[in-house]
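Turn these sequences into a full structure, and let the hints steer you where they fit.
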Amino acid sequence: MSRKIGALLLIFVLVLAACGPAATPTPTTAPTEVPPTDAPAEATEAAAEPTEEVAEATEAAAEPTEEVAEATEAAAEPTEEVAEATEAAAEATEAVAVAMAEPTEEVAEATEAAAEPTEEVAEATEAAAEATEAVAEATEAAAEATEAAAEATEVVAEATDVVAEATEAPVVEATIEATPEPAAEATEAAVEATAEATTEAAALIPVSLQLQWVVQSQFAGYFAAKAMGFYEEEGLDVTILEGAVDIVPQQVVASGGAQFGIAWVPKVLESRAAGADLVNIAQVFQRSGTLQVSFKDKGIEGVEDLRGQRVGTWGFGNEHELFAALRAAGIDPNNAEDVQIISQSFDMNAMLNDELDAAQAMTYNEYAQVLEAINPATGELYQPEDLNVINYNDVGTAMLQDHIFSTESWLAGETDGVANTDIAVKFIKASLRGWIYCRDNFDACVQIVLDNGPTLGQSHMQWQLNEINRLIWPSPAGVGVMDQALWDQTVSVAVDSGIIPEAPGEAAFRTDLAQAAVDALTADGVDVTGESWQPVEVTLVEGGK
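Per this note's numbering, numbering of the sequence shown is gapless, rising by one per residue and ending at 547.
Since the hints were derived computationally from the structure, they do not count as laboratory data. Please note: incorrect hints may appear among the correct ones.
Straight line, CA to CA, 25 Å or less: simulated DMTMM-like cross-link-like pairs of lysine to aspartate or glutamate [unchecked claim]: (1) Lys298 - Asp388; (2) Lys298 - Glu469; (3) Lys298 - Asp396; (4) Lys547 - Asp418; (5) Lys300 - Glu410; (6) Lys547 - Asp485; (7) Lys547 - Glu244; (8) Lys300 - Glu387; (9) Lys300 - Asp453; (10) Lys298 - Glu235; (11) Lys300 - Asp356; (12) Lys300 - Asp340; (13) Lys547 - Glu410; (14) Lys547 - Glu469; (15) Lys298 - Glu368; (16) Lys547 - Glu382; (17) Lys547 - Asp340; (18) Lys298 - Asp485; (19) Lys298 - Asp349; (20) Lys300 - Asp396; (21) Lys300 - Glu244; (22) Lys300 - Glu368; (23) Lys300 - Glu357; (24) Lys298 - Glu244; (25) Lys300 - Glu382; (26) Lys298 - Glu387; (27) Lys547 - Glu339; (28) Lys547 - Asp349; (29) Lys300 - Asp334; (30) Lys547 - Asp453; (31) Lys300 - Asp388; (32) Lys300 - Glu339; (33) Lys547 - Asp388; (34) Lys298 - Glu339.
DEER-style ranges, computed between Cβ atoms [to be verified]: (35) Pro378 - Ala414: 51 to 61 Å; (36) Phe318 - Gly277: 13 to 23 Å; (37) Glu235 - Thr380: 49 to 59 Å; (38) Asp356 - Gly237: 19 to 29 Å; (39) Gly398 - Ala446: 13 to 23 Å; (40) Gln449 - Ala421: 28 to 38 Å.
The beta carbon of each residue, even a glycine, is placed where N, CA and C say it ideally should be.
In structure tokens form, the structure reads like this:
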């Protein structure tokens with residue numbers, strides 16, 4: 003047991019010796035080298051972070067720069083506000099560019115300084131912070147410029163709305179002043195042209211002309227006057243109304259549907275006798291164009307040969323010359339035993355089909371339709387020598403035909419402060435000028451008619467104009483001026499035929515208006531008689547094409 007106690011005591015001593023403080027020996031060798039601290043590396047890493055922030059700030063600053071560019075483009079409107087906004091945006095863009103350049107240089111310097119593990123890392127970090135702040139300021143400036151551009155754009159939009167809604171001269175002038183000089187000059191010229199056209203259109207006096215038939219060379223002078231601007235030069239806006247079978251020009255004019263009409267003299271005399279105050283104001287056609295046409299084998303060479311024949315007429319007042327000629331030859335048109343009067347359509351089919359012995363025709367229309375048809379005996383077109391023709395100018399029962407008429411009541415008034423008699427003179431002058439144009443410019447006049455859409459074609463319109471010119475020229479007293487002898491003949495036939503009960507009064511026609519128009523044309527150096535006019539040669543084709 004004593005051995006155990008001794009052993010335990012020995013162990014206790016040894017433990018105490020191991021746990022007790024040890025004596026520090028005095029160093030006798032050089033101190034151990036201390037490893038370098040990690041602080042500089044950490045500083046370098048910390049400095050790199052501001053550099054990344056600067057890069058992000060630089061990228062963010064680029065976005066407002068793009069917005070400034072867009073705002074600058076949107077603000078490039080020709081106004082003073084947009085110009086100011088654009089200038090502001092440009093200054094902001096420049097500021098951003100400068101600011102972006104400066105922090106980039108400072109960041110480069112900071113990065114170089116951070117490469118040295120010294121206290122300069124802190125300075126570089128501070129410089130980077132300042133650069134970031136500069137970018138932020140530049141970005142704010144760009145944002146302000148963008149906002150200014152947006153406001154300017156809004157101003158432009160409002161101004162545009164005002165211009166679109168307004169038509170007042172001050173607004174137009176303001177728009178011109180805000181426009182760059184070349185565009186302003188063009189805009190000003192356009193405004194002036196529009197204003198001038200508007201003024202001219204407003205100054206034109208509207209009138210209408212009612213034709214007695216469809217578009218064709220029979221009315222070429224009126225279409226030419228409109229196409230060539232002769233009516234407008236006289237201050238008139240003329241509407242030409244096409245005729246038809248069921249349209250009676252006398253009724254249209256008498257009811258106020260048109261101020262002027264075209265018709266044959268006996269038809270107007272008949273309407274006047276019935277109470278309409280129609281008056282002849284310009285006698286355009288100087289002779290009649292009515293014929294009675296038959297094939298040679300019918301043996302009808304004169305009016306007396308019509309006895310017992312099938313004779314066609316259109317009616318509607320076109321029969322007066324025929325009936326007067328029949329009565330003069332002792333043939334009663336109302337007696338079927340003397341002559342068989344057949345209602346004829348406005349073509350020559352009944353004659354071509356041998357349903358008529360003699361058909362009514364106008365020199366300028368239906369007569370040509372026969373010459374445009376194929377002769378089955380020859381296989382070629384019919385020729386004038388295949389036909390017999392009765393011309394009522396030769397018979398002595400010819401009546402004046404196409405003329406311009408109006409109403410006494412309208413002529414006594416005024417339109418837009420202008421005496422209607424003055425308007426009538428202007429209308430007659432322009433219309434006669436149109437007929438003179440067609441006399442002297444044959445092909446061009448035919449084309450004007452074709453442009454207005456006639457039923458038949460070019461060769462037929464050429465034939466028709468040539469024959470119409472024969473009815474007008476020469477006009478010894480001046481185109482449109484009434485020949486008293488022809489008027490008297492027309493009235494005599496009308497009374498003898500029972501068309502009118504008695505001769506009309508002097509107010510049935512007047513020459514003063516046409517004479518005033520002719521005098522004005524003569525003063526302009528225009529040939530109003532056409533004494534030297536000669537017809538042209540026209541070649542017809544099948545179907546009048």
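Results for each hint:
Annotation: proposed proximity of lysine 298 to aspartate 388 holds, straight-line Cα distance about 6 Å (limit 25 Å). Taking the CA atoms of lysine 298 and glutamate 469, the gap is near 23 Å; set against the 25 Å cutoff, the hint holds. Restraint check: the Cα-Cα separation between lysine 298 and aspartate 396 comes to about 19 Å, which is no more than 25 Å; the hinted pair holds. For the suggested pair lysine 547 and aspartate 418, the alpha carbons sit about 45 Å apart, so the restraint of at most 25 Å is broken.
Of the pairs offered as hints, the one joining lysine 300 and glutamate 410 is violated, with about 48 Å between alpha carbons and a cut-off of 25 Å exceeded. Between the alpha carbons of lysine 547 and aspartate 485 the distance comes to roughly 36 Å, so the proposed pair goes past 25 Å and is violated. Between lysine 547 and glutamate 244 the alpha-carbon distance is near 22 Å, which keeps this suggested pair within the 25 Å criterion. Restraint check: the Cα-Cα separation between lysine 300 and glutamate 387 comes to about 13 Å, which is no more than 25 Å; the hinted pair holds.
A threshold of 25 Å between alpha carbons decides the hint, and for lysine 300 with aspartate 453 the separation of about 40 Å lies outside it, so the pair is violated. A C-alpha spacing of about 51 Å is found between lysine 298 and glutamate 235, which places the hinted pair above 25 Å, so the restraint is violated. About 10 Å separates the Cα atoms of lysine 300 and aspartate 356, which keeps this hinted pair within 25 Å; it holds. Only pairs whose Cα atoms come within 25 Å are accepted, and lysine 300 paired with aspartate 340 is accepted, the gap being roughly 17 Å.
A hinted pair counts as satisfied when its Cα atoms are at most 25 Å apart, and lysine 547 with glutamate 410 does not qualify at roughly 42 Å. For the proposed pair lysine 547 and glutamate 469, the alpha carbon gap of about 17 Å is at most 25 Å, so the pair holds. Taken as a hint, the lysine 298 and glutamate 368 pair is honoured in the structure, with Cα atoms around 17 Å apart against an allowance of 25 Å. Restraint check for lysine 547 and glutamate 382: the C-alpha separation of about 16 Å stays at or below 25 Å, so the hint holds.
Straight-line distance between C-alpha atoms of lysine 547 and aspartate 340 comes to about 39 Å, which puts the hinted pair past the 25 Å bound. As the CA atoms of lysine 298 and aspartate 485 are separated by approximately 35 Å, the hinted pair breaks the 25 Å bound. At most 25 Å may separate the alpha-carbon atoms for a hinted pair to count; lysine 298 and aspartate 349 meet this at roughly 19 Å. For the suggested pair lysine 300 and aspartate 396, the alpha carbons sit about 20 Å apart, so the restraint of at most 25 Å is met.
Restraint check for lysine 300 and glutamate 244: not satisfied, since their Cα atoms lie roughly 37 Å apart, outside the 25 Å limit. Note on lysine 300 and glutamate 368: the hinted pairing holds, with a Cα-Cα distance of about 19 Å set against a maximum of 25 Å. Restraint check for lysine 300 and glutamate 357: the C-alpha separation of about 12 Å stays at or below 25 Å, so the hint holds. A threshold of 25 Å between alpha carbons decides the hint, and for lysine 298 with glutamate 244 the separation of about 36 Å lies outside it, so the pair is violated.
With a CA separation close to 20 Å, the supplied pair lysine 300 and glutamate 382 stays within the 25 Å bound. Restraint check for lysine 298 and glutamate 387: the C-alpha separation of about 8 Å stays at or below 25 Å, so the hint holds. A hinted pair counts as satisfied when its Cα atoms are at most 25 Å apart, and lysine 547 with glutamate 339 does not qualify at roughly 41 Å. Between lysine 547 and aspartate 349, the direct Cα distance comes to roughly 16 Å. Compliance with the 25 Å bound is thereby established for this hinted pair.
Note on lysine 300 and aspartate 334: the hinted pairing holds, with a Cα-Cα distance of about 21 Å set against a maximum of 25 Å. A threshold of 25 Å between alpha carbons decides the hint, and for lysine 547 with aspartate 453 the separation of about 15 Å falls inside it, so the pair holds. At roughly 11 Å between alpha-carbon atoms, lysine 300 and aspartate 388 fall within 25 Å of each other, so this suggested pair holds. Annotation: proposed proximity of lysine 300 to glutamate 339 holds, straight-line Cα distance about 19 Å (limit 25 Å).
For the proposed pair lysine 547 and aspartate 388, the alpha carbon gap of about 21 Å is at most 25 Å, so the pair holds. About 24 Å separates the Cα atoms of lysine 298 and glutamate 339, which keeps this hinted pair within 25 Å; it holds. The hint said 51 to 61 Å for the Cβ distance between proline 378 and alanine 414, and at roughly 59 Å that hint holds. Restraint check, phenylalanine 318 to glycine 277: a C-beta distance of roughly 19 Å satisfies the suggested window 13 to 23 Å.
The hint said 49 to 59 Å for the Cβ distance between glutamate 235 and threonine 380, and at roughly 51 Å that hint holds. A beta carbon spacing of about 54 Å between aspartate 356 and glycine 237 contradicts the range 19 to 29 Å that was offered as a hint. About 37 Å separates the C-beta atoms of glycine 398 and alanine 446, a value inconsistent with the hinted range of 13 to 23 Å. A beta carbon spacing of about 36 Å between glutamine 449 and alanine 421 agrees with the range 28 to 38 Å that was offered as a hint.
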